[in-house]
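Colleague: Each chain, letter by letter, is given below.
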Amino acid sequence: MRTLWKRLRALFSERRSDRELSEEVEVHLEMRAAELRQQGVDPGAAREAARREFGGIEQMKEAYRDRRGIPWIEILAKDARYGLRGLLRNPAFTLAAVLSLALGIGANTAIFSFIDTLMLRMLPVEKPEQLVNLYRTGGWGKGYASYPLYLEFRKHTDLFAGVFARSGAGKVRFDAGHSNSVEYVEREYVTGNYFDVLGVKPAIGRLFKDEDNRTPQAHPLVVLSYDFWRNRLALDPAILGRVLTVDEQPLTVIGVAAPGFHGVEVESHADAWVPAMMFRGQIMQHGMHWVWIMARRRPEIRRGRIQAAANTIMQQYLMSVYGGQRASAFGRFALAQKIEVRDAGVGISMLREAFGKPLGILMAAVGLVLLIACANVANLLIARGAVRRREIAMRFSLGATRWRLVRQWLIESLLLALLGSILGLAFAIWGERYMLLFLPPGAGEGFAVSPDSTVLTFTLGISILSAVLFGLAPALRATSLDPAAALKDGGSQQPGRGARAVFRKALVVVQVALSVVLVVTAGLFAHSLAGLRSINPGFVAQNVVTFSLDYPRAWKDADKRNHRERLLAELTEVPGIASVSYGMPGPYQGGDASASIRVPGSARTAKEGVEISEQFIGPAYFATIGIRPLRGREFDPGDWRSTRKIAVVNEAFVRQFLPGTPDPTGRILSFDDSKPEGGDPTYIVGLVHDILHDGLKTTAKSTVYVPLRESGFIDPMLLVRAQLPPASLLPVIRRELSSINPEVALVEPRTLRERVDDSIFADRMIATLSGFFGGLALLLAAIGIYGVMAYAVTRRTAEIGLRIALGAAPAKITWMVLRDGLLLIALGVAIGLPFALAAGRISASLLYGIKPNDPLTFGLTIAVLLAIGVLAAFLPARRAAAVEPVEALRHE
Amino acid sequence: MSTRNANPDVLQGTLDLMVLRTLETMGPQHGFGLAKRIQQISAGALDLNQGTLYPALLRLEQRGWISSRWGASDKNRRAKFYELTRAGRKQIGRATDDWERTVALMARFLRVAE
Numbered sequence: 001m002r003t004l005w006k007r008l009r010a011l012f013s014e015r016r017s018d019r020e021l022s023e024e025v026e027v028h029l030e031m032r033a034a035e036l037r038q039q040g041v042d043p044g045a046a047r048e049a050a051r052r053e054f055g056g057i058e059q060m061k062e063a064y065r066d067r068r069g070i071p072w073i074e075i076l077a078k079d080a081r082y083g084l085r086g087l088l089r090n091p092a093f094t095l096a097a098v099l100s101l102a103l104g105i106g107a108n109t110a111i112f113s114f115i116d117t118l119m120l121r122m123l124p125v126e127k128p129e130q131l132v133n134l135y136r137t138g139g140w141g142k143g144y145a146s147y148p149l150y151l152e153f154r155k156h157t158d159l160f161a162g163v164f165a166r167s168g169a170g171k172v173r174f175d176a177g178h179s180n181s182v183e184y185v186e187r188e189y190v191t192g193n194y195f196d197v198l199g200v201k202p203a204i205g206r207l208f209k210d211e212d213n214r215t216p217q218a219h220p221l222v223v224l225s226y227d228f229w230r231n232r233l234a235l236d237p238a239i240l241g242r243v244l245t246v247d248e249q250p251l252t253v254i255g256v257a258a259p260g261f262h263g264v265e266v267e268s269h270a271d272a273w274v275p276a277m278m279f280r281g282q283i284m285q286h287g288m289h290w291v292w293i294m295a296r297r298r299p300e301i302r303r304g305r306i307q308a309a310a311n312t313i314m315q316q317y318l319m320s321v322y323g324g325q326r327a328s329a330f331g332r333f334a335l336a337q338k339i340e341v342r343d344a345g346v347g348i349s350m351l352r353e354a355f356g357k358p359l360g361i362l363m364a365a366v367g368l369v370l371l372i373a374c375a376n377v378a379n380l381l382i383a384r385g386a387v388r389r390r391e392i393a394m395r396f397s398l399g400a401t402r403w404r405l406v407r408q409w410l411i412e413s414l415l416l417a418l419l420g421s422i423l424g425l426a427f428a429i430w431g432e433r434y435m436l437l438f439l440p441p442g443a444g445e446g447f448a449v450s451p452d453s454t455v456l457t458f459t460l461g462i463s464i465l466s467a468v469l470f471g472l473a474p475a476l477r478a479t480s481l482d483p484a485a486a487l488k489d490g491g492s493q494q495p496g497r498g499a500r501a502v503f504r505k506a507l508v509v510v511q512v513a514l515s516v517v518l519v520v521t522a523g524l525f526a527h528s529l530a531g532l533r534s535i536n537p538g539f540v541a542q543n544v545v546t547f548s549l550d551y552p553r554a555w556k557d558a559d560k561r562n563h564r565e566r567l568l569a570e571l572t573e574v575p576g577i578a579s580v581s582y583g584m585p586g587p588y589q590g591g592d593a594s595a596s597i598r599v600p601g602s603a604r605t606a607k608e609g610v611e612i613s614e615q616f617i618g619p620a621y622f623a624t625i626g627i628r629p630l631r632g633r634e635f636d637p638g639d640w641r642s643t644r645k646i647a648v649v650n651e652a653f654v655r656q657f658l659p660g661t662p663d664p665t666g667r668i669l670s671f672d673d674s675k676p677e678g679g680d681p682t683y684i685v686g687l688v689h690d691i692l693h694d695g696l697k698t699t700a701k702s703t704v705y706v707p708l709r710e711s712g713f714i715d716p717m718l719l720v721r722a723q724l725p726p727a728s729l730l731p732v733i734r735r736e737l738s739s740i741n742p743e744v745a746l747v748e749p750r751t752l753r754e755r756v757d758d759s760i761f762a763d764r765m766i767a768t769l770s771g772f773f774g775g776l777a778l779l780l781a782a783i784g785i786y787g788v789m790a791y792a793v794t795r796r797t798a799e800i801g802l803r804i805a806l807g808a809a810p811a812k813i814t815w816m817v818l819r820d821g822l823l824l825i826a827l828g829v830a831i832g833l834p835f836a837l838a839a840g841r842i843s844a845s846l847l848y849g850i851k852p853n854d855p856l857t858f859g860l861t862i863a864v865l866l867a868i869g870v871l872a873a874f875l876p877a878r879r880a881a882a883v884e885p886v887e888a889l890r891h892e
Numbered sequence: 001m002s003t004r005n006a007n008p009d010v011l012q013g014t015l016d017l018m019v020l021r022t023l024e025t026m027g028p029q030h031g032f033g034l035a036k037r038i039q040q041i042s043a044g045a046l047d048l049n050q051g052t053l054y055p056a057l058l059r060l061e062q063r064g065w066i067s068s069r070w071g072a073s074d075k076n077r078r079a080k081f082y083e084l085t086r087a088g089r090k091q092i093g094r095a096t097d098d099w100e101r102t103v104a105l106m107a108r109f110l111r112v113a114e
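If you're matching them up, the sequences are chains A and B in order. Take the first sequence: its position 224, counting from 1, is numbered 224 in the numbering used here, and each next residue is one higher. Take the second sequence: its position 84, counting from 1, is numbered 84 in the numbering used here, and each next residue is one higher.
Excised from the complex, chain B in its bound form (with noise of 0.2 Å):
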């Protein structure tokens, strides 16, 4: 999971998961601080180019689930924020079931091939 290799579509899926749920917990925030947040969880684990995020970031607004706005950041330099919509949050609910059951089942998978 933690390579530079990993398959986009796996990253992509989880990627977006894992910017709502930042989000969620944190508030509106700017490109630099998901990142950061989102590496500092993933605790290494996950070596992310940071600039991957933004197109994600794109997707997420189309798809209505986040909304973003231009504001100040605590360093009073001009940044672009992010926020979590309504849509978006129930988007977190959906994709939080479907990855439980997807790992359930995978779960499983794998107890048999022991």
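One chain only, chain A, in its complex shape (with noise of 0.2 Å):
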């Protein structure tokens, strides 16, 4: 072990020993020619005679390396061409083995590549780990905060080396001017000093400095992502100074930023910057959140330190701009907003939240599959070590060492488990690709499909860590043997084969009981999907088609509106198509708008405003997504030419303001929350039941639905219901959209249930995919059973002959091996329900409307583990009934 690892160290140490070397012999021919001078030889023949006592010295340099650093790889490409020859000897034992491995690698490597990309990659820019978000909570929305707040955070250059915001990509229209279709790129607005902070420098041109971000409208200037330039710019230098329409602003380019940079969040990537100033918005409002804030902090400064800071400062910005209205809904509300300090090295992340934990679960879960994998091969590599007894026998007497025969054993293993890899490596693949369908459209663009180095470098570590699991017990079973004894029997009995018996149904036992804890959580995972999938949303997502609209950006708001009207009158026209509407938020959009309201004659708001959330809808919203209102109506087109407000409100919202009431239509309620009776009244035309807009986990909040009238910033979504299949209604709305104005664009069209699935993409995936490995750990596990119970059988073969020939029945003899394989289950059973439990109270965050020690799913389990055990058992156990007994003692 040693001389090895001298020798692994001199492979790496070469030139210096070689010099080394060197020097020894020239010292060596200096002592004696000096020796030789002092005895009166001249200088010249003295060194000659030296020279000529030593010998060759290339030659002895030569013997030299070889003995160093040579013969160890040379050995070890002999083991691995020895080994790579057994395993072709043996090809069911190797595609055996090398499936489990490919299937158990291939997996962890898949999702390993996941949370490498979510979780673990730092940001190409300098210094990562000092980067933080300033994460805001409470109040509207999450993340994002306003521009106001981003300054008054860069005044703190005391607990900040910079701090720079940013407003996430988004698409917009593109045209360098030689594409006459409509091109769009990933447009972010970037405070000035952004490439800065982060430590980013310039491809070519140069990059925002702070003078670039000072006045609205004033500095027309993008800087482009380098994969953008390359990709789409054919890495034009002559780009710089060029001007590019982005979002139809003309933008002079001044620079490219170095390879590799996308921005800093992790699933989306941004192509053209822009600076803030140029933002289309009331950038200095304060409830205007558009910006995510990041900063560098200084290193000295502790996160804690930096926490309560952030607090304090926080607090001291809403005073000022909310303190006034503290008495008010509104002005709480405001006010409980909070400053939350998150390291950001490895990125921002919008699907972090809600992915990380259902990743770290998958993790868990392959890793087990793994393990099982891993119990699988060294099984069979036990009961193959039993076979190669006579020849490990052989070798032993031929004078190999035992040291030597576990390491070609060891090479074996390590042979088979990255053939596993590579194989592991293509299933990884097809797997990312499969796991990055579960993703909404557009969150999977960060995540690269094919694997990088860490994520190799990963693959490789488990493939050899599991070459050890499954390798080493069995290579030092199989060479723990008496060589005269075994090649005396010829290999066929065994001495201490009780032992090896024990422990390959001891592997057995742990892949039951791993299997119990995946199985467990699948079935948890796929009841609370069933949950999920049951609830109803308040709508009938069937048949109806979103998307939204992209207008040229010189359209003013009524242009929006008439274009719009004129589309759905158009689109209500076409055969099969039943409704067309549209909304703001709109079903599952994501968006969120609320407002304070007082309802005249509520306790509810008799002494203050209340929140409710708003939606902003068109006529036929209800129709549209498959409902009827359960009292009075909803809004028809008359209703736009009328000035008279009007409202329809849900369950809840009469819940909560008039309890007790069973027809709201004719009551008012006012958005004028300053006085207890209200202001300006806005009529309750109708009530509809409660719909769950926000996603399935919500519960259903007081909601006011108004019509839309102007559409602000953000345009509503547009929903049309059709008897037609969404593949042939797309075209349809495509052609009418053209025929009206080609400049108008469709953008993200989703059926309404893609877009339900899209909300609970997490528990689709995680649900899923445990199936898919509790499956698998089924199906390992039934082959370990089948293969310990078959292999008890042959070596009882002469036992149970003789007990046939005694006139034991078939029956009891099927019966006593079937009871082994059911011991085997049951154990491991028992082992593993504890472990499964605990798994379940892990998981019970990810869980919806189930219990995570669900009586149900722990009993299906038990039941499926032991009819799984039966069939695999059963096989052997026929065959055990069916031993001819004088063929069974003629074996003996």
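Just so you know, not all the hints are guaranteed correct.
[What the hints assert, rightly or not] DSS-like, lysine-lysine: derived pairs with alpha carbons at most 30 Å apart:
1. B:K80 - B:K36
2. A:K357 - A:K851
3. A:K61 - B:K75
4. A:K142 - A:K357
5. A:K645 - A:K607
6. A:K201 - A:K127
7. B:K36 - A:K61
8. B:K80 - A:K61
9. A:K812 - A:K505
It is worth saying that the hints were derived from the structure and are not from the lab.
Build the complex from these two chains, which are given one at a time in their own frames, with help from the hints.
Modeller: Encoded structure:
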């Protein structure tokens, strides 16, 4: 071992030891020559004699080098060749082992590469570990903050070396002047110090400075990403100074950012950075939340201190802005906002929160799958070791040391693992593609499907680890024998076979126990998903296509309204389309609008206004999403011609503000919350049941639907209900759209069902994948049980034959073997259950509508495992019952 | 025994023990010192290419029987010194026993031949 280590080390320090050897030889020659000179030999002759006595220097060095490193590699290569030959001689064994390992390693690689992208990979910027995200919570939405708040934090240079803000990438029109079709680019607004604080360098040209972001609408500049420059502009160096039209703003290209930099968000990449001052909105409005604030903290300041300071800064800022409205519901809502200082070295991610924990649980699950696979391969290897005893004994007697044999064995294991990981990588790439299908559109962009070096290292690591895991025990076992005895008995009878059988059975018990954990969690997630699916969202999602429209920038609100009305009118005429409407935010759009109201006569609003959520909708909205008002009516086009303010409310609204009122129509509410009785009245004309507009896991909120008159900043989502399948409906919509005005583009068409699915993508993914892994675990465990039982029957053929000869009924023999199998399973289940309970508790936060110790799931798991066990043990049992006593005894 | 064409395997085994014994009696030595001492003791019976000593030293070091370090020679030159380790001392005991057994065995055969 020590020799091996020294040689290994020598491999890496070859040049140094060559130099040392030369020096050593030189010293030797010099000493001898000096000795000869002292005896009176003249210097030239002395040197010559010393050389002669030394012999061939180069020959010696060659021998020395051989001794130093090469034999080690040679032996390794020899072992590997020998191992490969052995594996090829047993294709069935090799295939089974490699396939088990490939499934385990592939699943691990796939899940790990998601975890790596989402949570581990550092941003390609300077000292990413110093970056923090000032994440806003409470009040409206999460994460996004206002530009004035950014300016506030920027003042605190004692805490931060730099503070910047960015809007997040958004798809906008792009025109380089050489294409007729509408092209899009991911545009992101950033502050002038964005690149400076991140420490990103330009590839060509220059990047923004603070001077590039001073005055609203005065900095028509753009910095491009390297990928965009390469993929869309063919690395054209003349791009600097050119004017590109981005979102209909003419912008001058001043530079291209360093290769590899895509912005600070994991799953969505920016292509074009534009100064925040070019944003077309009320940038200094306190209530306008549109930027993420990030900062580089001073390295000497602790995270805890920054959090404490951020709390104070936020408190003071909120008081200065909303302090006057402290008494109102709105004021309290606004004042409840907080800043959370989060590490941002791995970038910002919208998915991390929803997706991180499911990924963690899936990682644990695939770890268990790999363990089960390793147990299977170990089992196969032990069986193979039994067969190869003769060969091992032979090699022992030919003088091989035990270490040499163990090493040979481990190299075979390593070969298996490496073959498994190559196939596993292919599985992983396929698996990742499949996983990406679960993600909402656009969210998968940051996930590279081809594995990078971190992922490859991980794969190599786990394959080596598993080789040791499944290879070491069988290797030690196979080589612990008395060669003389083994040779004598020809390898059929085995001393210590009892211990071997116990070890194999223990492996099966472990497999079953691990399977219990996987199958229980898979069952829990499947139940949870079924629960989510059975929730009534309040609308009928089938046959509804939704989409947004992208209008030319110059269009005023009235132009958009006219266009929308025309499109609605045209589409309503199309045969097969039942109903068309629009809504803002609309179902599953992820937006949020709220207002503070008073309801005259309601005790809830007697003292102060109360926040409700607000939906701006078009005529026939409810008909389009497939529901009818419970009372009163919904809006019709006539309501847009009248100035009378009207609203439709939901049942939650009635429960909260008008309890005990069966029919709220005719009652009034007011969006003027300054007086207890409200101001300008809005008449309630209809009542609808609760609709879960925000997601299946939310509870219904008091909602007021009002006619959408001015769309303001966000354009509404359009909804079309039709008898046509979505695939044939979309071309119709596109045709109508371009016949009215080809300049208006269709954005993000999704069926309503897809939007609902997107909202529970993590639940769907974890349920599907854990189901797959649970199934895989069962399959592997079944193979393990079958292998051990079949082996046991073979071993006991003589005994069974004797029993039959003595009159045992075949049924009794079958039962005898089955009982053994069931015993193993029962033991595995008993060991696995407590772990399954723990796994359920860990997953509890991801479960919906089901307890982590759901007795049905646990009961079913046990039943399934017993069934699988009976199935796997039945074949060997039947074979045992069919043993011919005469044959069996002759066999002995 | 005293020819250049001596079986290298035989020579290897003997050379190892010669080096170990020399280090045991003389303490730490550089390569030249060892070569000189071995030739002195063999009194010319062993016509050794001094260079062959170095691969042997490497082998002994890899086995952990000797260790090496760079130091200054008596003439104040930088030289590599070899020293016996504890494992090396044990090895001398084992190898000596083996040799004595082999010699005794061979002696019996040679007597029979007479």
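Colleague: Taking each numbered hint in turn, which are not upheld by the structure, reported in ascending numerical order?
Modeller: none
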